[in-house]
Amino acid sequence: MLKRLGKFVTAEYLINNKNVELNIGDLIEVDRTIYSDWALYIGHGEVAHLAGIETDIPNEEAIVEICELSEMADKHLVRVNNKEIPAKQRSLKPQPINVIMNSVMKLQSKVVPFNLMTRNFEHYVTEWRYGKGWSDQASTALSSMTMFSKPLKDPKCAHNAMLNGINMILESPANSPSP
Numbered sequence: 001m002l003k004r005l006g007k008f009v010t011a012e013y014l015i016n017n018k019n020v021e022l023n024i025g026d027l028i029e030v031d032r033t034i035y036s037d038w039a040l041y042i043g044h045g046e047v048a049h050l051a052g053i054e055t056d057i058p059n060e061e062a063i064v065e066i067c068e069l070s071e072m073a074d075k076h077l078v079r080v081n082n083k084e085i086p087a088k089q090r091s092l093k094p095q096p097i098n099v100i101m102n103s104v105m106k107l108q109s110k111v112v113p114f115n116l117m118t119r120n121f122e123h124y125v126t127e128w129r130y131g132k133g134w135s136d137q138a139s140t141a142l143s144s145m146t147m148f149s150k151p152l153k154d155p156k157c158a159h160n161a162m163l164n165g166i167n168m169i170l171e172s173p174a175n176s177p178s179p
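full-length UniProt numbering applies: residue 1 is where the sequence shown begins, and numbers increase by one.
Simulated from the structure, these hints should not be mistaken for lab results. Values in this document were obtained by computation on a predicted structure and should not be read as measured data. Treat the hints with caution; some may be incorrect.
The calculated lysine to aspartate or glutamate pairs, modelled on EDC-like cross-linking and capped at a C-alpha distance of 20 Å, are [to be verified]:
| id | residue 1 | residue 2 |
| --- | --- | --- |
| 1 | Lys88 | Glu127 |
| 2 | Lys93 | Asp136 |
| 3 | Lys18 | Glu54 |
| 4 | Lys75 | Glu65 |
| 5 | Lys18 | Glu61 |
| 6 | Lys7 | Glu21 |
| 7 | Lys106 | Glu61 |
| 8 | Lys110 | Glu21 |
| 9 | Lys110 | Asp31 |
| 10 | Lys106 | Asp136 |
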């Protein structure tokens, strides 16, 4: 039985495939092409996730919703990605299921602060699962912004800075297959 998927699949495949072990508290990564959306699996095909109040992508506030994974993902592909390596690097372990579920249920249908760089989808789901939130894709975005904001006059230095920045982005956890 597969515990973790290295590739993205349809939500229906993830939910219905008997060879996939999907557990309450698993983090679900949704490939939205230019960014990854995140949800937390709560059982019976349902996930907790953040949604915009007036738009698809939240601005400064979001609402915590519970819905079917297939509804949340729509036509986008998904995978289980519990971010075990980044959690281990931070010396974090998954919280007990009851703690995870209590954290989610306390926020169900509530409006919460949202910021793409400091409090996004990924921050919330990692906080629910591990007790401390972080976002690898926000860190990657901030690093790339920093890389492109430093004007370098020497072409060789600029070239090396660009290569290092691109390699950092390509090798970031957000672009790596799940373990």
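Find the hints from earlier in the document that the structure breaks and name them by number, from lowest to highest. Of the numbered hints, 3, 5, 8, 9 and 10 do not hold.
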